[in-house]
Amino acid sequence: MKKPSLSVQIGKLNLTNPIMPASGAFGAEMEGLFDFDKLGAVVPKSITKYPRGGNTTPRVCEVNGGMINSIGIQSKGLDYYLEHIIPAYKDYETPLIASISADSIDEYAEMSEIIGNETGVSGIELNISCPNLKGDGKAFGMDAAISHELVKKVKNVTDKTIIAKLTPNVTSIQEIARACEEAGADGLNVANTLLAMAIDVHTRQPKIGNVLGGISGPAIKPIIVRMIYQVKQVCSIPIIGCGGVMNAEDAIEMIIAGATAVQVGTASFIKPMAMIEIINGVEAYLKEYEIEDINELIGDIHIPSQVTNCNA
Amino acid sequence: MKKPSLSVQIGKLNLTNPIMPASGAFGAEMEGLFDFDKLGAVVPKSITKYPRGGNTTPRVCEVNGGMINSIGIQSKGLDYYLEHIIPAYKDYETPLIASISADSIDEYAEMSEIIGNETGVSGIELNISCPNLKGDGKAFGMDAAISHELVKKVKNVTDKTIIAKLTPNVTSIQEIARACEEAGADGLNVANTLLAMAIDVHTRQPKIGNVLGGISGPAIKPIIVRMIYQVKQVCSIPIIGCGGVMNAEDAIEMIIAGATAVQVGTASFIKPMAMIEIINGVEAYLKEYEIEDINELIGDIHIPSQVTNCNA
Amino acid sequence: MQVYNLEVLSNVKVSDRYWHMVVDASEIKEEIKPGQFFNIKCADESFPFLRRPFSIYRINKVEKTIEFLYLIKGLGTVRLTDIKAGEKVDIFGPLGVGFTLEPEWDTILLLARGVGIATLAALAQEAAQQNVKCVAILSARSNNDLLATETLQGFGAEVYKVTEEDGTSDVDNVEKIIEDIFKEHDIKAGFTCGSQRLSKLMQRVTKNKDIPGQIALEEHMGCAMGVCYACVCDLQHEDHVESVRVCKEGPVFDLNKVVLS
Amino acid sequence: MQVYNLEVLSNVKVSDRYWHMVVDASEIKEEIKPGQFFNIKCADESFPFLRRPFSIYRINKVEKTIEFLYLIKGLGTVRLTDIKAGEKVDIFGPLGVGFTLEPEWDTILLLARGVGIATLAALAQEAAQQNVKCVAILSARSNNDLLATETLQGFGAEVYKVTEEDGTSDVDNVEKIIEDIFKEHDIKAGFTCGSQRLSKLMQRVTKNKDIPGQIALEEHMGCAMGVCYACVCDLQHEDHVESVRVCKEGPVFDLNKVVLS
Ligand SMILES: Cc1cc2nc3c(=O)[nH]c(=O)nc-3n(C[C@H](O)[C@H](O)[C@H](O)COP(=O)(O)OP(=O)(O)OC[C@H]3O[C@@H](n4cnc5c(N)ncnc54)[C@H](O)[C@@H]3O)c2cc1C
Ligand SMILES: Cc1cc2nc3c(=O)[nH]c(=O)nc-3n(C[C@H](O)[C@H](O)[C@H](O)COP(=O)(O)OP(=O)(O)OC[C@H]3O[C@@H](n4cnc5c(N)ncnc54)[C@H](O)[C@@H]3O)c2cc1C
Ligand SMILES: Cc1cc2nc3c(=O)[nH]c(=O)nc-3n(C[C@H](O)[C@H](O)[C@H](O)COP(=O)(O)O)c2cc1C
Ligand SMILES: Cc1cc2nc3c(=O)[nH]c(=O)nc-3n(C[C@H](O)[C@H](O)[C@H](O)COP(=O)(O)O)c2cc1C
Ligand code: FES
Ligand code: FES
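Chains as they are written, first to last, in the working numbering: chain A, 907 to 1218; chain B, 907 to 1218; chain C, -19 to 241; chain D, -19 to 241.
One chain only, chain A, in its complex shape:
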């Protein structure tokens, strides 16, 4: 069989393959490990407008099948980002997706406009899982109307591909996904971490300095796969699956559930070469099943006979 095609499209972005890092679990520090041009895209850590210190340590703890983190978007601010972070990738051809976090809708728009003007940036990922400090403190992405307004304002100020990174901590991810699609989002990242907590029973203290954090890793994969599948039923823009992907099988599972691309976060902490192994594994899978184009696999789930019932 001839080499299968792995390339996928998200908005205006042409990715040579669907695998890219998850924001916060990747950086130029990994340059020595592998050629970044092997990745579908690069996604540096979320940036905020102003420098921010981040949360109290310990910022991570291990749990069964994953980890909890509460870094708190430690950021050197937008200026530093434009001057130092984006240029660090200038020698690579792979598209750069800039992840941004902000405290208000206007700040998202303001940052998107500035970042959208950078030639080094191909797309913007809106991390809307952060609390809306001008609202009730709930994350932007927990409210469909706010998510809609946020995406819409951002779309008005830039032509770059806009991806909304949804929070999974919601009753209906479909509702938020639909709102973002209607507002013009070019893609949806499903999803950020699930809010979690762990307590040391001996000290009776939270294992995370900030008390609560987000759980990532294989423990959450079944929840994320479900959400990808749900969003795929109601949206037609591309989905980026994210959460618990450790190997090629996990990535393929998300693609079958409906993801066009897949982000890899925590896996890189355990296997720094994980993304490269996954790209190779996805290609091997396509060959094994004689699939010429990965786009054939997206959402191609075989459901024998659908029954909907109480799942409890």
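By construction, these hints were calculated from the structure, which means they are not laboratory data. The reader is advised that the hints may include incorrect statements.
Partner residues are not named here, just some residues of chain C that face chain B (Cβ under 7 Å, in silico) [to be verified]:
(1) Leu30
(2) Tyr140
(3) Ile191
(4) Cys203
(5) Gly206
(6) Val207
(7) Ala210
Distance condition first, Cα-Cα at most 30 Å in a straight line; then the derived DSS-like pairs of lysine-lysine [as the list claims (entries may be wrong)]:
(8) Lys1177/A <-> Lys228/D
(9) Lys64/C <-> Lys228/D
(10) Lys68/C <-> Lys1177/B
(11) Lys53/D <-> Lys53/C
(12) Lys68/D <-> Lys68/C
(13) Lys68/C <-> Lys228/D
(14) Lys68/D <-> Lys955/A
(15) Lys1177/B <-> Lys13/C
(16) Lys180/C <-> Lys1113/B
(17) Lys64/D <-> Lys64/C
(18) Lys1113/A <-> Lys53/D
(19) Lys1177/B <-> Lys53/C
(20) Lys1193/B <-> Lys44/D
(21) Lys64/C <-> Lys1177/B
(22) Lys68/D <-> Lys(-7)/C
(23) Lys237/D <-> Lys1177/A
(24) Lys237/C <-> Lys1113/B
Owing to the predicted nature of the structure, the values given are computational and were not obtained by experimental measurement. For glycine and all other residues, C-beta sits at the position ideal for the given N, C-alpha and C.
Guided by the hints, dock chains B, C and D with the ligands onto chain A, whose structure is given.
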């Protein structure tokens, strides 16, 4: 040190210890394994008014740190329950909490009234994670107003202790918890399973016959501990923690987070003696830390200095 | 049923894809019947998470040992091979309802496919002890996989072998062999395990010949002790369909009642 | 930094709570410096999930081996003891920035607590190679835990031992010992690892004596390669506080700048 007191109270229920089975993971079939009177309570599988067949197989599949199930409340109906299931426990002193599922608010009330009149029943757990067939198909427990109405109607028809078993698939579990408390619930079970999915990449079929199912086991524990902690901040009725408890440390973690009692489900599948081991382990912990009464431990989390920040 | 932590006396590879484990069962006071199974923790840690069900393959009452024959399939069975002689294995059982041998059944037919042989071998052993004549058809991918042939012959069974390798395992050919067996033997009951296609054939045969049949089923399990209703299958009664638990009412069922998909 | 799958040459218990692992490092072409660390996968399977960071304890350039000294703490270190000589260990590194020895420092003071000795031993080895005189104070719960004493003495270090067991490990007594050492030796720099209390003492001493100091810090890690910002600590500069990553800018920092809690 003298034997610590493990007894806790939920509504009118006096439990000799805080450990009880989770509905759907326990039955009279376990009688040969240990003395049910060692348990804080017994909780048989959720019952529906009319007999129900349940979902297509496979009904369970394994995932990293847990399992997905979609049994679908296979039930022999209320009459059979009253005639056969409740009497199966009549020789035990430990209180029986009847878990019920229904298709409408009126059906919950109707069933609660009938079951509430049974002398063999000490409390009723409302499994409100099932879809509201008369509504939009979303689970009752996903809507605060509906949950409120449901609990209120049930409280009107019975004096038995009423526990609302919440679904974790919501944006704000605090909101639903508050609604149930205001409606008169005597206790809150936090929580049922998280909606999940797994796909076999070789057949491209869902691993669960019903496509979606609920994930249980240690993978979800950090999410459930977080919810217990959140609910504890806003409610004053007792919380029953449920989700991923495998050993005594896990149970203690939930108690420190704010749970008065703890249910054990999936653990019994792996370690059929799990509940007994957990009860012994909790007692040993209390002795080790010289805690005379387990009630001192409930919600006794030590937070060094609270910072609230973006958890993403 | 109890949880036992038993010493493994041996655990060895017996063919390309099959392993054989012998366990010291002197602690088990309950009676263990052919067709029953144990739910085994394949590794200490929480990975893999669930136990795995395995039929009892041989019960040695004198030596007080029990044996399992298992096929390497996925993570659980791979980890099971790591357990070494002298180490302990955490097994839960015996579980479920096994085969029944009625006194008047002096000759029986066994039809096993693949690892289904593990389940029927225990029955052949029991049959031998009750002086019941066994005729067995064993079906497998390759001759290498037909490992229990000698074990069955050792119990005095008359064994027919069919394989893909020899091009003899198609249903038509198996049906022909069964017809021949019925010509030579007065088969009183039929038993099957391991294949939907062959089970349907056996269902047809026992119905046509109007003899009783039994089948050992497999289904994905949660608790393996009857509380979770994960492992159900359907029985067709005269006037209604009954949903039963493979782990509790089974894994052995009346072949003529089981609804095969 | 790279991911290596290296052969374990030995992995043995050296005292009640400590183990010692020797690994074939001939594959590693990068230079490894005292104070750097490796992030080790303690077990094959996904349990425990994260890698664990361990300082380099000895670097044997001729034999092309590296050594780790580790304290049994929780699941990860327990599983690490399961790896047998001849098996492979998955290690990621070398990571971080190690100690610096300036040419003019002819005599240095090391103050190590507990497993902190693992980190400072590599420095003592390097110092010996550069003909730098080492004076070391080792603090531990019990004499049994003071395992690297001979290793350090082998490098020509002058070793003072303090323990809870002997009632000699309180900060006041350690301070007295330090004062005595300063009377005898012209200490040019101080190095510490393993205890907040002793680090504060060392910070005070180096400040008072106006000599440079270095400290190796520990913090819970996610990536160990500088991308996740899990492992931060603060450095106090003249006009501002800087948040730095223990895995990247550290684990060795200027003792006089580190903000100790
Ligand atoms: C009553 C009963 C008796 C059995 N007896 C034997 C025996 O004697 N020898 C033997 O080799 N096998 C037997 N099996 C099948 C055996 O249980 C599976 O091969 C085994 O569970 C596979 O586990 P795994 O982790 O290697 O494979 P995986 O495919 O990775 O398992 C994934 C999950 O699917 C489940 N699963 C996969 N296949 C089956 C199956 N056929 N039945 C039930 N669950 C399955 C596993 O338990 C696990 O939860 C029996 C099954 C049942 C129900
Ligand atoms: C740069 C550095 C060098 C180290 N060098 C050594 C050494 O040479 N020898 C040695 O014995 N120990 C060393 N440690 C400490 C060692 O990493 C921990 O003891 C080990 O991670 C404990 O793992 P566990 O699973 O046994 O314990 P657990 O307490 O069960 O671990 C639970 C989690 O907490 C983390 N954790 C626990 N203690 C620490 C700690 N002190 N620092 C960072 N993370 C921790 C673990 O990595 C794990 O993620 C070093 C730590 C760092 C950061
Ligand atoms: C240490 C850490 C830091 C993270 N920082 C960010 C961040 O800055 N912005 C963001 O959108 N997501 C962040 N995430 C979430 C990841 O991008 C990803 O959504 C999540 O980890 C789930 O994927 P995984 O299981 O593959 O890690 C972070 C995750 C981790 C573990
Ligand atoms: C096989 C299975 C069946 C279940 N059936 C029910 C049920 O009938 N009613 C209910 O309220 N919860 C049911 N649950 C959910 C459990 O009661 C419990 O909330 C969940 O499994 C989380 O706890 P655990 O991780 O300890 O298992 C079921 C869970 C499993 C695994
Ligand atoms: S596996 Fe639970 S009832 Fe059969
Ligand atoms: S552990 Fe990730 S930056 Fe240090």
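Hint consistency between Lys53/D and Lys53/C [alpha-carbon to alpha-carbon, up to 30 Å]
At roughly 35 Å apart (the allowed maximum being 30 Å), Lys53/C and Lys53/D break the hint.
Would you mind confirming whether the straight-line C-alpha gap from Lys1177/B to Lys53/C stays at or under 30 Å?
holds (23 Å)
For the pair supplied as a hint, Lys237/C and Lys1113/B, confirm whether the alpha-carbon distance does not exceed 30 Å.
holds (27 Å)
Holds or violated: are the alpha carbons of Lys237/D and Lys1177/A at most 30 Å from each other?
Given that 30 Å is the threshold and the Cα spacing comes to 33 Å, the pair is violated.
Holds or violated: are the alpha carbons of Lys180/C and Lys1113/B at most 30 Å from each other?
The hint holds at about 25 Å.
Per the CB criterion, is Tyr140/C less than 7 Å away from chain B?
violated (32 Å)
Measure nothing beyond the straight line between the CA atoms of Lys68/D and Lys(-7)/C; if it is 30 Å or shorter, mark the hint as holding.
holds (24 Å)
Just to be careful, I want the Cα atoms of Lys68/D and Lys955/A compared with a cutoff of 30 Å; is the pair within it?
Violated, at about 46 Å.
How about Cys203/C: closest beta carbon in chain B under 7 Å, or not?
At 5 Å from the nearest chain B Cβ, Cys203/C passes the 7 Å test, so the hint holds.
Is the Cα-Cα distance between Lys1193/B and Lys44/D 30 Å or less?
Violated, at roughly 51 Å.
Straight-line alpha-carbon gap Lys1113/A to Lys53/D, limit 30 Å:
holds (16 Å)
Keeping to a limit of 30 Å between CA atoms, is the pair of Lys1177/B and Lys13/C held or broken?
Given that 30 Å is the threshold and the Cα spacing comes to 23 Å, the pair holds.
Going down the numbered hints, you'll see the structure goes against 2, 3, 9, 11, 13, 14, 20 and 23, while the others check out.
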